Amino acid sequence: MISDERILMAHGEGGELTRDLIQSVFVAALDNDELRALGDAAIVPAPGDRLALTTDSFVVKPAVFPGGDIGKLAVCGTVNDLAVAGAVPRYLTTGFVLEEGLELALLREVVRSMAETARQAGVTVVAGDTKVVERGAADGLYINTAGLGHVPAGRSLGPERLCPGDLLLVNGTLGDHGMAVMMAREGLPFDTPIASDCAPLNDLVETMLVAGGAYVRCLRDATRGGLATVLNEWAGDRVGLALNETALPIAPAVAAACEFLGLDPLYVANEGKLVAAVAPDAAPAVLAAMRAHPLGGEAAVVGQVTASHPGLVTLRTPYGSERVLPMLAGGQLPRIC
Amino acid sequence: MCLAIPVRIKAIDNEGMATVELSSVERKVSLVMTPEARVGDYVLVHTGFALNVLDEQEARATLALFDELEAFEAQYRAESEA
Amino acid sequence: MRYIDEFRDPATAARLVDRIKRLARGRRLRLMEFCGGHTHAIGRYGLGRLLAPEVDLLSGPGCPVCVTSATDLDYAVALAAVPDLVLATFGDMMRVPGSAGRSLMHARSEGADVRLVYSPLDALALAQQLPDRPVVLLGVGFETTAPGVAATLLQAESQTVDNLLLLSLHKTTPPAMRAILCGGDTNLDGIIGPGHVSAVTGSDAWQFVPEEYGIGVAVSGFEPLDMLQAIASLIEMAVEQRPRVENCYGRGVDAHGNAAAQTLLKRCFAPSDAEWRGLGALEESGLALITDLQHRDVRALYPLDVDRAPEPPGCRCGDVLRGVLLPTACPLFGRRCTPRDPVGPCMVSAEGSCAAYYRYAEVQDA
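Protein chains in written order, with the numbering used here: chain X, 1 to 337; chain L, 1 to 82; chain S, 1 to 366.
Rather than coming from a laboratory, the hints here were simulated on the basis of the structure.
Quick caveat: nothing in here was measured; it's all calculated off a predicted structure.
Heads up, a few of these hints could be off.
What the hints assert, rightly or not - Below, simulated DMTMM-like cross-link-like pairs (lysine to aspartate or glutamate); rule was C-alpha separation at most 20 angstroms, straight line: (1) Lys28/L <-> Glu186/X; (2) Lys28/L <-> Glu13/X; (3) Lys28/L <-> Glu15/L.
Next comes chain X alone, as it looks inside the complex (with noise of 0.2 angstroms):
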């Protein structure tokens, strides 16, 4: 039995103490087969001829946050790697690096919040992995995921699919996640209602493909960089993409955050948002059923994929004029210019 309250570097030494912590916090709150065995593979059926694989790692800080935290972020990240391919998400892996001095209340709570995002999610985590560094060399806990899913036959998504006149739409509001974090971090004393939109989407792509099929282009989900860094990722020699600022959802909140630290919502990240190209005429379609779904109740058409300023991101403004937001160099800092 585990009687520290602490990691300590001996339950990463493959000992009582590491047994003993994988019972109690992993196995105890992930609970399936596969995981029980505890072999070392998880052998598990093909979940079909297609196969989807992801890998993410996660090292967000704080490690809990108002909407969220890094385990629930963890299968949200991977589940929605996997569905914005077209893929039905089954299985995860997930490689924990703890510090030592990590308080075990902490990692119970990160597990047992995978766990329930898992379920949600309907996929299972078969197969784990814990290692434990000094103090000072992990910052708390970082987690590695792998994801495996299936992609049904028939499905492409993928920016070679755009077409000029195909319409940009999202599922809800733009910069949540990224400032909640932003917020929740020691030096940028702010209080707001701010929550992270971490979520799993697979349930919301799968919604969205009955009702388009074919005519949905492609999807990505909106993570680091925000909207403007994944359409500049989709902008090639033959299409550019156009945005109207003013079909924009963005949260009262989020924009005033915004606004005190000179930020741009367009590049902050998401973590349950996704950008969808749908050919036009299927467009209301696609629409009216993210608007029926819990994950996609202010879905909006942001704008349209074009040919006229091929590998070009653009924003009309309100006053009529057109800017460019091209990829940026790094990460947004807050600035007082």
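With chain X's structure known, arrange chains L and S on it following the hints.
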């Protein structure tokens, strides 16, 4: 330079610090440069300090200028089309 | 009245644009915006595009980050590397390169303790939390920011927080404006006056511009309607040949400024000569700590040997800052000099002219 935004004073404590608010985002700022500020006033905030109390009358005067402009421009358009 | 949306109304903006175009018809007017915040706002709202070709908006040396000399930056980077010392800085300065491309961000990656603060008061709090370590606030900014830094130092004095130090890179704006106008090669028709600096100094601070140089100044706020109104006012002045100072930001600025803020400045700072990137050394244009506060002057306590940094070869930031060159006309712009690999400070600072042009680039007509 100078990112300063207009925010409303929600509360003032005994130490010259005010809780200000913009769309539910709150922050404590210093009133050392605006000792005359009162709860309900709007102030310009820059790096945690209130710079000036916003003058509502002046603001309305500026907006009224814009309304006059509308009438003026409408008249100008009517005349140039005549 | 919330003072934001009312000043962003698109329909009123359209009317103001019409008015400006009508007033300026047949001319090409050159207006300088003297404030990085204005450069940013013009870009964000696309005002340059709306007012072309009748109005050319030039960006002046109003970006305190941009005009910080490379030598000063090198000193800050060297300071950050001093063991146990904590350097507290506003976000704007983190990525600005000194000579050899080294920034505070690089210094942090090499182990320097560099912390981001939003307010000088955060640096004071840090100094209280770390009483055994020198905590240095990197004081950058003009008259808008310096009073808050002054207030913070005075609070440190009264609370005997002895480990809070200041690296003052603060500068004042009228000397830079004079340097631009004296240069003789800018041919300006008007100046969009810095709104928040003027909240501290008062709009009367710019009287010397129409009186000595025959150019009008319209003090402007930062919302789109503010800027359009100020531009319209400048065009009227230019067309009627009646240059004067017009305060178009009446809700935030008056003629005399903020007495409390001005007093704070006098209690802590005295004018000193300062080096401005692109403009060279300007007399009495910097703010140095007064003798009574010398114990907080980090340069006195840490007189590090830092070589004078050369200007990067080919960099035309100086001409851009003086308004004689548009960023797009610099041979390095968009080629050797981009936000990702900046050569000079105008590209590195997010509000620098070149970065603003890059960030808010006009969409080319198809």
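Each hint, compared with the structure:
1. A threshold of 20 angstroms between alpha carbons decides the hint, and for Lys28/L with Glu186/X the separation of about 14 angstroms falls inside it, so the pair holds.
2. Of the supplied pair hints, the one linking Lys28/L and Glu13/X is violated, its CA atoms being roughly 47 angstroms apart against a limit of 20 angstroms.
3. Taken as a hint, the Lys28/L and Glu15/L pair is honoured in the structure, with Cα atoms around 11 angstroms apart against an allowance of 20 angstroms.
When held up to the earlier numbered hints, the structure conflicts with hint 2 and nothing else.
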